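As they're listed, the protein sequences go chains A and B. If you read the first sequence in this note's numbering, its first letter stands for residue 1, the second for the next number, and so on. If you read the second sequence in this note's numbering, its first letter stands for residue 1, the second for the next number, and so on.
Everything labelled a hint here was simulated from the structure, so no lab data went into it. Here the structure is a predicted model, which is why all the values come from computation and not from measurement. Take these hints with a grain of salt, some might be off.
[As the list claims (entries may be wrong)] Pairs of lysine-lysine, DSS-like flavour, derived with a Cα cap of 25 Å:
#1 A:K57 / B:K96
#2 A:K85 / B:K83
#3 A:K57 / A:K85
#4 A:K85 / A:K102
#5 A:K57 / A:K102
[Claimed, not checked] Distance ranges between label pairs, derived from CB positions:
#6 A:R104 / B:G95: 31 to 37 Å
#7 A:R55 / B:K83: 17 to 23 Å
#8 A:G86 / B:D33: 42 to 48 Å
#9 B:G95 / A:L108: 17 to 23 Å
For glycine and all other residues, C-beta sits at the position ideal for the given N, C-alpha and C.
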Amino acid sequence: MIEAFDMVVTRLQRHAGVMGVMLVGLEDGMVIAGDAGGGRHSDTAAALAASLFRRTKAAASDAGLGETGFVRLEAERGHLCAAAKGDIAIVAVTGSAINLGKLRLDMLGATELL
Amino acid sequence: MIAGAVSAPWLDAPLRRFVQDSRVHRAIVLHPDGKVLGQFGFASSVEVMTACALAAAINASGRELGRQLGGRPFLGLHQGGRKQGVFMGSCAAGGKECLLLAAFDRDSTLGLVRLYFAEFRDAVGDLEGRTEIDPMGRDLDTDLNSSLDALFGPLN
Chain A
1 MIEAFDMVVT
11 RLQRHAGVMG
21 VMLVGLEDGM
31 VIAGDAGGGR
41 HSDTAAALAA
51 SLFRRTKAAA
61 SDAGLGETGF
71 VRLEAERGHL
81 CAAAKGDIAI
91 VAVTGSAINL
101 GKLRLDMLGA
111 TELL
Chain B
1 MIAGAVSAPW
11 LDAPLRRFVQ
21 DSRVHRAIVL
31 HPDGKVLGQF
41 GFASSVEVMT
51 ACALAAAINA
61 SGRELGRQLG
71 GRPFLGLHQG
81 GRKQGVFMGS
91 CAAGGKECLL
101 LAAFDRDSTL
111 GLVRLYFAEF
121 RDAVGDLEGR
131 TEIDPMGRDL
141 DTDLNSSLDA
151 LFGPLN
């Protein structure tokens, strides 16, 4: 199982512009594999990303939009993307110059490997 | 807003912020001997008394277990349940050790609680010299009762 997690992280980290990839437990907000990259505090990023995903999922559900598969937060110098399956979220920290469409497809594909 | 009270004024802002940010539904700060310093979310002094006694005992057990297993005491504890979890962490305030015990449900996560506990620890750690603690060496019962009186008023 851990090898599969590491493989998902390694594959997504190969994307140009991706600075860090983590697998995060949605229930506890803890890092399962990978890191936020570039000296970022992975525990902090994981806790906040899991919280963001859970709250967005709840908001989408309350609004009658159904299940949430992918969340993207756009910031001044990059993006935080998250895709989840079950209790595990794949979280990617990226720069601004990135092919978001391809990353989204790859992240959604990777959730099937979890 | 969760109701709470503190017997140590310096604790009010950091504890209030921790509760708001981490979305825990109950939090209590105490000395390792069981003396309560502040609480949020508890409804009665009996609940606080029970939580303090249990937290002090858990802390003592965890420390000893840590010493026996790895030579160092454990500094934190988490117990996760299906619907709610409990976190306990140790921090220093004015050179004295304090424990924070927090209970949270699915509104929060262990990661968030740990994150905001680190901020709480930094905040109270920066209060060096402003964390006046009763210098009288009173016994546990007296300490606990005076703390509970300060939080909930004297028992009739």
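Structure-based check of all given hints:
Between the alpha carbons of K57 of chain A and K96 of chain B the distance comes to roughly 42 Å, so the proposed pair goes past 25 Å and is violated. Among the hinted pairs, K85 of chain A with K83 of chain B is consistent with the structure: their alpha-carbon atoms are about 20 Å apart, no more than 25 Å. For a cut-off of 25 Å, the pair hint linking K57 of chain A to K85 of chain A stands: about 12 Å separates their Cα positions. With a CA separation close to 19 Å, the supplied pair K85 of chain A and K102 of chain A stays within the 25 Å bound.
Between K57 of chain A and K102 of chain A, the direct Cα distance comes to roughly 22 Å. Compliance with the 25 Å bound is thereby established for this hinted pair. In this structure the hint that R104 of chain A and G95 of chain B lie 31 to 37 Å apart at CB is violated, the actual value being about 51 Å. Distance hint check: the CB atoms of R55 of chain A and K83 of chain B are about 18 Å apart, consistent with the given range 17 to 23 Å. Evaluation of the 42 to 48 Å hint for G86 of chain A and D33 of chain B yields a pass: the beta carbon distance comes to about 43 Å.
In this structure the hint that G95 of chain B and L108 of chain A lie 17 to 23 Å apart at CB is violated, the actual value being about 52 Å.
Violated hints for the displayed structure, listed by number in ascending order: 1, 6, 9.
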